[in-house]
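Heads up: the protein sequence lines correspond to chains B and U, in order. When we follow this note's numbering, the leftmost residue of the first sequence carries the number 1, and every step to the right adds one. When we follow this note's numbering, the leftmost residue of the second sequence carries the number 1, and every step to the right adds one.
None of these hints come from the bench; they were simulated from the model. Errors might be hidden in some of the hints.
Computed list of lysine-lysine pairs in DSS-like fashion (alpha-carbon distance at most 27 Å, straight line) [stated by the list, open to error]:
1. U:58 x B:96
2. B:68 x U:45
3. U:10 x U:66
4. B:116 x U:42
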Amino acid sequence: MKKRIWNSFEIYEADALAEHLETMAERGWMLDSIKRTLVFKRIEPQKIKFSVDIMENASVFDSFHNKKTMEYREFCTDTGWEHLSTNGIFHIFYSKDVNVIPIHTDQEVQFNVISKNMLGKTIPSYLYPLLMTIFFLFINANQSITSLTMNLTLISPVAFLFADIISIIMLLSALVWYLRGKSAIKNKTLMPKHSIKHIRIRSFIIMLMAFMILFATAFFLLIEIVKEPIIARIILPLILMNIVTFIVVVKVLTILQEKYNFTRNINRSIYVVTGIVLTVVTMVAVMYSVFSGIGHNSSVDNINTSMINPKITSEDFGYVNNKDIDWDYTKSIIASIETYLEIPTSRDTIFSLDYEFFQCKFQFGVDKFIKEKAEQLQQMNYILKKEIAYDKEEVDSIFLYSTQYANSNNRYIFVKDKEVLFLEVTNILDKEQLATVIANFFGNNEI
Amino acid sequence: MYYILLALLKPVCGVEISQKAMEISENRIQIGPGTLYALLGKFEKEQIIREVETVGRKRYYQITEKGYKILLDEYRRLQHLVREGKPFLDQGV
Numbered sequence: 001m002k003k004r005i006w007n008s009f010e011i012y013e014a015d016a017l018a019e020h021l022e023t024m025a026e027r028g029w030m031l032d033s034i035k036r037t038l039v040f041k042r043i044e045p046q047k048i049k050f051s052v053d054i055m056e057n058a059s060v061f062d063s064f065h066n067k068k069t070m071e072y073r074e075f076c077t078d079t080g081w082e083h084l085s086t087n088g089i090f091h092i093f094y095s096k097d098v099n100v101i102p103i104h105t106d107q108e109v110q111f112n113v114i115s116k117n118m119l120g121k122t123i124p125s126y127l128y129p130l131l132m133t134i135f136f137l138f139i140n141a142n143q144s145i146t147s148l149t150m151n152l153t154l155i156s157p158v159a160f161l162f163a164d165i166i167s168i169i170m171l172l173s174a175l176v177w178y179l180r181g182k183s184a185i186k187n188k189t190l191m192p193k194h195s196i197k198h199i200r201i202r203s204f205i206i207m208l209m210a211f212m213i214l215f216a217t218a219f220f221l222l223i224e225i226v227k228e229p230i231i232a233r234i235i236l237p238l239i240l241m242n243i244v245t246f247i248v249v250v251k252v253l254t255i256l257q258e259k260y261n262f263t264r265n266i267n268r269s270i271y272v273v274t275g276i277v278l279t280v281v282t283m284v285a286v287m288y289s290v291f292s293g294i295g296h297n298s299s300v301d302n303i304n305t306s307m308i309n310p311k312i313t314s315e316d317f318g319y320v321n322n323k324d325i326d327w328d329y330t331k332s333i334i335a336s337i338e339t340y341l342e343i344p345t346s347r348d349t350i351f352s353l354d355y356e357f358f359q360c361k362f363q364f365g366v367d368k369f370i371k372e373k374a375e376q377l378q379q380m381n382y383i384l385k386k387e388i389a390y391d392k393e394e395v396d397s398i399f400l401y402s403t404q405y406a407n408s409n410n411r412y413i414f415v416k417d418k419e420v421l422f423l424e425v426t427n428i429l430d431k432e433q434l435a436t437v438i439a440n441f442f443g444n445n446e447i
Numbered sequence: 001m002y003y004i005l006l007a008l009l010k011p012v013c014g015v016e017i018s019q020k021a022m023e024i025s026e027n028r029i030q031i032g033p034g035t036l037y038a039l040l041g042k043f044e045k046e047q048i049i050r051e052v053e054t055v056g057r058k059r060y061y062q063i064t065e066k067g068y069k070i071l072l073d074e075y076r077r078l079q080h081l082v083r084e085g086k087p088f089l090d091q092g093v
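The following block holds chain B by itself, in its conformation from the complex (with noise of 0.2 Å):
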């Protein structure tokens, strides 16, 4: 019979992580293996003394039977201690005779060793989510608002806060050890002992932040699923691959590294090629769906019409013209976008229209569509050396904003508390056209 928890100890709590193990032992469970998880198996309840400990210079990417991790496990097995399992930073030893001389008799020589550690390869592992969050705000500082209508792009800024939270907890949970124990050594007294309740608060808070996060995801991943068959089709399969291999790897790897002595420089090689594999393949297979245009919604050439709902045509005008279309909607629990595009199809053709209608719950979301739009429209007209002027009305609570630009195009901006709808049209309305667009956009408003 076996029993797995997971191994939430951090390199510097390989005190409270010995503790553990020997209440583990007082209760009948022995230690059989350390991964990722602590696996117990069952045995005669009793007292055994462990210790946990942590080489210099430790890696996950160590051979298990390296030459110098053998010499120094054969240099504590010949005071008493047998070597139980390691997982490349802690290596587990134990003794039935609880008086046996201690592995570490001098803090200093083992706080320097984890200090050592900690600052090659811990700390930096909690600052990547937070190097992570600043690529991420500097990628994405220009990304137009309108990314708020998708629910995924919502998830991404929640996760990186989420793991940028952990990584602090983190951050200071070493530190204040790192301090404590720099004041113990300095005034010769003895380390203080890390809680194992303070861990396990610790390690739940993570997983269920980790635990928000991924339910999250998969909800919103699979409403995605039934409207944009991109997800289903490329994206949801990539998500799986990359998964399975990362799992299949690390536990090759973890073979390999049990039965093998490959070098520290190997088995971290594999882990970079595989990333690194996984990484191109992935972005290959994303670009190649995006431009070729798979199992896209809206493409102008392949509609199923039944799903093409569009507020206003050009036939709400009057005018009946030969055209293709491209309409899009998307949606998110706090913003939606709704674009519709008349292509004309002949030449004859004397009205044609199209808009963005864009809402949002926030007005910063609405008062950045339109500095985006108003920018973006004004960088088209700078061609022509050309500032555009708006005529303003207003009715009620909606804000009419009308002007003529480049080929004589009408643009008309609708502006409602947190809603702006986008119209441009080959035409000058007249009042009764603008009835209609404030009519099947906004409700039954006159202008």
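Position chain U against the provided structure of chain B, taking the given hints into account.
What follows is chain U alone, placed relative to chain B:
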């Protein structure tokens, strides 16, 4: 450090060093294998000790000239402490 260097006046390997240190100190000083392993690595790096022989995975170390000088300086320092304190301690309270 003092007892480890004393133990290394003649070539010895790993566990024998801590046993010798215990003998010299009359069981007062206990050096754990982890502490000893880390210190041997540090001393070898600082050229206070050197590896003289390897038998299987057992490495035999001995003190170097630099290490002997450090040991001697420490021994003289301890002698000074005893000599300077003796007259006062002999007077009693």
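Hint-by-hint comparison with the structure:
This hinted pair checks out: residue 58 of chain U and residue 96 of chain B have alpha carbons roughly 25 Å apart, not beyond 27 Å. Between residue 68 of chain B and residue 45 of chain U the CA atoms are separated by roughly 16 Å; this keeps the pair inside 27 Å, and the hint holds. For the proposed pair residue 10 of chain U and residue 66 of chain U, the alpha carbon gap of about 15 Å is at most 27 Å, so the pair holds. Taking the CA atoms of residue 116 of chain B and residue 42 of chain U, the gap is about 14 Å. The hint holds against a cut of 27 Å.
The structure shown violates none of the earlier numbered hints.
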